[in-house]
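The listed protein sequences correspond, in order, to chains A, B and C.
For the first sequence, this note's numbering gives the first residue as 1, with consecutive numbering after it.
For the second sequence, this note's numbering gives the first residue as 1, with consecutive numbering after it.
For the third sequence, this note's numbering gives the first residue as 1, with consecutive numbering after it.
Treat the hints with caution; some may be incorrect.
Which copy? The list can't say, so a pair holds if one copy fits it or any two copies do.
Here are the simulated PhoX-like cross-link-like pairs (lysine-lysine), alpha carbons at most 25 Å apart as the crow flies [said to hold, decoys possible]: (1) K73 <-> K444; (2) K73 <-> K109; (3) K109 <-> K434; (4) K201 <-> K404; (5) K291 <-> K413; (6) K291 <-> K385; (7) K385 <-> K434; (8) K73 <-> K385; (9) K291 <-> K434; (10) K73 <-> K404; (11) K434 <-> K73; (12) K291 <-> K201; (13) K385 <-> K109; (14) K60 <-> K201; (15) K60 <-> K413.
Hints in this document: simulated from the structure, not taken from any laboratory.
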Amino acid sequence: MNKNSSNTMALAPNTSNKRETVCIFGTGDFGRALGQKMIQSGYPVVYGSRSTQISSLIPKDAEVLGHAEAAQKAAVIIIAIQRQHYNFLTTLAEVLHGKVLVDISNNLKLNQYPESNAEYLAQLLPGSKVVKGFNTVSAWALQSGTLDASRQVFICGDDVEAKQMVMNIVRGLGLTPVDKGSLLAAQEIENYPLQLFPMWKFPIFLSLGLGLFFFFYSLALDVIHTYIYENNNFSFFIAITVPNRVFPAMALTLFGLVYLPGIFAAIIQLYRGTKYRRFPDWLDRWMLARKQLGLIALAFASLHAVFTLVTPLRAFSSWRTSRQIISQALSNETVTLDHTNAWLSDSYLAMGMLGFFLFVLLGITSLPSVSNSVNWREFRFVQSKLGYLALILCTAHAMIYGGKWFLNPSAYKWYLPDIYMLSLVVPCAVLVVKFVLIFPCVDKHLTRIRQGWERKPRYSERSNHIINKSAV
Amino acid sequence: MNKNSSNTMALAPNTSNKRETVCIFGTGDFGRALGQKMIQSGYPVVYGSRSTQISSLIPKDAEVLGHAEAAQKAAVIIIAIQRQHYNFLTTLAEVLHGKVLVDISNNLKLNQYPESNAEYLAQLLPGSKVVKGFNTVSAWALQSGTLDASRQVFICGDDVEAKQMVMNIVRGLGLTPVDKGSLLAAQEIENYPLQLFPMWKFPIFLSLGLGLFFFFYSLALDVIHTYIYENNNFSFFIAITVPNRVFPAMALTLFGLVYLPGIFAAIIQLYRGTKYRRFPDWLDRWMLARKQLGLIALAFASLHAVFTLVTPLRAFSSWRTSRQIISQALSNETVTLDHTNAWLSDSYLAMGMLGFFLFVLLGITSLPSVSNSVNWREFRFVQSKLGYLALILCTAHAMIYGGKWFLNPSAYKWYLPDIYMLSLVVPCAVLVVKFVLIFPCVDKHLTRIRQGWERKPRYSERSNHIINKSAV
Amino acid sequence: MNKNSSNTMALAPNTSNKRETVCIFGTGDFGRALGQKMIQSGYPVVYGSRSTQISSLIPKDAEVLGHAEAAQKAAVIIIAIQRQHYNFLTTLAEVLHGKVLVDISNNLKLNQYPESNAEYLAQLLPGSKVVKGFNTVSAWALQSGTLDASRQVFICGDDVEAKQMVMNIVRGLGLTPVDKGSLLAAQEIENYPLQLFPMWKFPIFLSLGLGLFFFFYSLALDVIHTYIYENNNFSFFIAITVPNRVFPAMALTLFGLVYLPGIFAAIIQLYRGTKYRRFPDWLDRWMLARKQLGLIALAFASLHAVFTLVTPLRAFSSWRTSRQIISQALSNETVTLDHTNAWLSDSYLAMGMLGFFLFVLLGITSLPSVSNSVNWREFRFVQSKLGYLALILCTAHAMIYGGKWFLNPSAYKWYLPDIYMLSLVVPCAVLVVKFVLIFPCVDKHLTRIRQGWERKPRYSERSNHIINKSAV
């Protein structure tokens, strides 16, 4: 082991516990917050500032110097100035040569510039070692110490040692550095803090639209129809009854929509006889949204479970029970147990509960820390096998619940099917086609295609082209 | 800092953003999928192939060359060919000298070969730097972009710089490299994707066996016995009533089985008077399965909770309520509240709910991300103190539920104890022995043993032997 | 790439798979356990011991030598002796020069010594490379193999290569090294295993105090008052009814206390006209405890949900239902549905369930693995927007539940307000002030302050001082 390794020397001086000085260019809000935090963590901080007028808010123990002077005092320089002022740094190119420049800037919009700020900085100052970092941390959080969400600091850069130095500072501040590789990752890191659940947008809008449709559908059939034809004002149904018809319909439909793209993919592959052609874009996007669709379906299923369990506590429910029991008592009939009814009631409840239980299991395995600790085979087993089992149970739950009403004309108010019938469309379609797809003859064919077999290898021209090219 | 570090140069050229060329040997399914993904991520890809006949499916922008030519174009070579063809690579030893070879192979069975594929490759080509990686990623997932489960790429290798280069490529593809250390870890990494919940096998089979036993036991007593002796056809009990007798029995028994091995271990240590002898194998295996047993117990407890809460919604339940109220009304008695009954009913429900609540807390702390953020002392506090409290509450719940029936002969249908009595056996045994073990005199003794004290240090002969050996 | 890099050579010899010898100083409990584990993982282990008397318990395949001899055999030496004996190591300074010393010691109390043990060791032996590690792992867990909580091994040290060597050993034992930076982190690492939920202490004591108050308050009004004035012995209310009045009161009050410090902070900033002054200490501590307060509130809300859902299963509840229905039947009234009542009942239930649902969502996003995968903007959106929505729903739930009783004198037993009125105090205060704070004029002002604006920049003197200092 080479004891005098310059690397080791630079990173952590063995002989003294003093931390290395850090220079910060710019005395804006984030520059000050970061400097404050660094001073608290034992780093001497020197600010580089054009004027000393605005320095009144700078942390107490920091030094303030001109840019060039400040830069000379430290190996690591935090560039806490805005991209549009980066030009000015070229005048300091000589002083900054060989220094580690940490680009902490953020943009206002996604992909605002053709290249990331950090790459732009690296182009301006080719002699310096640019590291991207700290941009995902909030100034407010740094100051208040409440860093629940943002302990992770994404770091990227082309120089490994420079990256190591910055990562050590990150650790020194009590944060967790995450190495994202070379400076090419800077664009992604700069876009990161601007996102607001980008993967959730499509599933949430879809759910909103579908939810509104089901809501008004149920409102029409359960409240308005009753009001018009039976002259019963059940407007309070809006609070629990109507939502509890919308929630299961949403849950079941969205759960079906999770498995529908897989069905489409299989059909497309079977039709094309190859897996080597891209799926249409809408299918790709849909497949990537399956996890989110599933979690929203789970949320609706949970709401359905709670809204159902609360039934006996409702004033409406106790009124209905009273009325029913008293009328039975007055009619002097012997109360006998309808066994068919008991079977139907118990089995649809049991199906629903078991389906919901499996659905919650699916949800738990999609937690990042759980899904990271299973391998691909285990993940597929849970998401595919258990998922289909849950879908079957939930579909059966809705079918048995509907039971005898399917063929009963009185269930079709205004000649419209009841909401639970609508909710069965997607899952039943999925299950029927899936049932066909697992027929041995179809399944074998599909498996062959997925292992790379092709009905007619069409790309021979292209392959010739490649061969020709490679032969050149 | 040495600015001309060859390391830095090799890893990430500062002057250009172009990513380094990667060579892939083999044009099979995974080789093509990986190449496609690399091209999408900006890496120039060159395939090394024996013949160009099969190259028709190769990604469009890739080059295809002979093996030797292809290898010369890149510093990193992905070996996407099967282990049985590795021999052929020795003919290229000269070209591959100093190159980074990435072994991505998987086997069909656990521990198929005496040494891992990567170690075998390293033996064949001692001049190359072998890195294991990518084998845990699925080709299908790479192509479809749905990498939920397998963002983590386990990497191991003996050469640190080679490993860094591969880890940078992994990051470049949007995946997360996990450094598993030296090439010795390759065996483990190769076994990983073949596993299907290996830790869960024993607990699941145990639960299945126990569950079937309880199911038929309850079926016999609750359905068949009623049918024969009371002539009541309660076959619909199979849907909810019988499961809801099996679930709590399973939950309580399995919960007891979580703490039983700890009791055995303490007894064995007390008996032997030392902690320096291995436990029997079955006990070791049992102790390692405690977490899984506990989670299965929690699953059954959750099912029990839901199946119980759904009771008032059952047709059977509303029939029973009607019958009861009408008979009370007809008999013209004043309905008085039985205070003992109210106490028993409320306290067994409260015990059950509090026990279940603590049980869920235990479950949450066993989520990987939560258990990683507590220290050993905190983990033991939760799993041991809170765990025993939950066990006590759940056991009390079952005992108070049973209440007056323990001594009532009519509870013993066919002279068999009711199912809740069976479920109390294990937890009661655990709690009684635990109660003895925390007696100060026993506890002090046990603590001394666990801190290293021995009743009779038996190993003096062996120690001499060691001293002799070391003296040689 | 420099093929003969000493680094690579030292870390992992390419030519042989044998792991490097590790030396352990000290044959105490942890030294033995660690040695055993290392031998199992394929590391040759040599113990350094002053006498060979106590060596009888040393793992079978380990060698035992004198300290100096043992140290010469390995590059890495585990110092498994207590801090008070570190002095003795100075006599071996020459042998230990250039070696990697791993300090695995723990203290009995937090911050027992002015400097960490590892830093003390580094001072004693300036020629050695000290790495802190393994202290968070339990000897018991190492031996029994049950390492659920402590797979993470925190490592810190000033020498990067030494740290790499130790991290490789950690990985070799099947554990996960976590690099905490330079040796300055040793103090934190040594304190870590001594902590028992330090962040939870204040929230738990607060909850206990508040809970006891609410419990006795409810006991007085719901049990004792009823007993005295209505002569009804409802002592069994202690099991479910009283807790289920305490739980929601606790949940709502604690939920309010989560958002109260943010309100205080805004008021203080508005009053001071600046954000550049530290909040009072109590406010800082309170803000840091918000997550814990929120989770405890969620726990109480969950208990409230379960205790409420179980209502129909209580003996008391079925008695009350029977009595009510029979009295209705006997009085021969027609049972009519009270629509206002139905509206109130359904809407307070719906509010409660939706509020609880959002509350659970908040809880899920505070799981470490989930909160790590969202960015700062997303985290604030969930915790602030969804959090306030949940608070509004839960507060409305309690208000509608109270409903007509607010102005009814009979609700004030002993002239005291009911418990649900008390629980509304904090959340209502929070919501009212928050409502004022989001008025455009106030909000704009506050936003400006939070972006760095100041009413009167007071620190001009200090800034001059800084400029002067830096000019010197």
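A quick look at each hint next to the structure:
no.: 1; hint: K73 <-> K444; verdict: neither (69 Å within a copy, 40 Å between copies)
no.: 2; hint: K73 <-> K109; verdict: neither (35 Å within a copy, 39 Å between copies)
no.: 3; hint: K109 <-> K434; verdict: neither (43 Å within a copy, 29 Å between copies)
no.: 4; hint: K201 <-> K404; verdict: neither (39 Å within a copy, 42 Å between copies)
no.: 5; hint: K291 <-> K413; verdict: neither (36 Å within a copy, 50 Å between copies)
no.: 6; hint: K291 <-> K385; verdict: both (15 Å within a copy, 23 Å between copies)
no.: 7; hint: K385 <-> K434; verdict: within (12 Å within a copy, 41 Å between copies)
no.: 8; hint: K73 <-> K385; verdict: neither (62 Å within a copy, 44 Å between copies)
no.: 9; hint: K291 <-> K434; verdict: within (19 Å within a copy, 35 Å between copies)
no.: 10; hint: K73 <-> K404; verdict: neither (83 Å within a copy, 71 Å between copies)
no.: 11; hint: K434 <-> K73; verdict: neither (68 Å within a copy, 46 Å between copies)
no.: 12; hint: K291 <-> K201; verdict: within (13 Å within a copy, 27 Å between copies)
no.: 13; hint: K385 <-> K109; verdict: between (42 Å within a copy, 22 Å between copies)
no.: 14; hint: K60 <-> K201; verdict: neither (45 Å within a copy, 33 Å between copies)
no.: 15; hint: K60 <-> K413; verdict: neither (75 Å within a copy, 58 Å between copies)
Comparing the model with each numbered hint stated earlier shows that hints 1, 2, 3, 4, 5, 8, 10, 11, 14, 15 do not hold.
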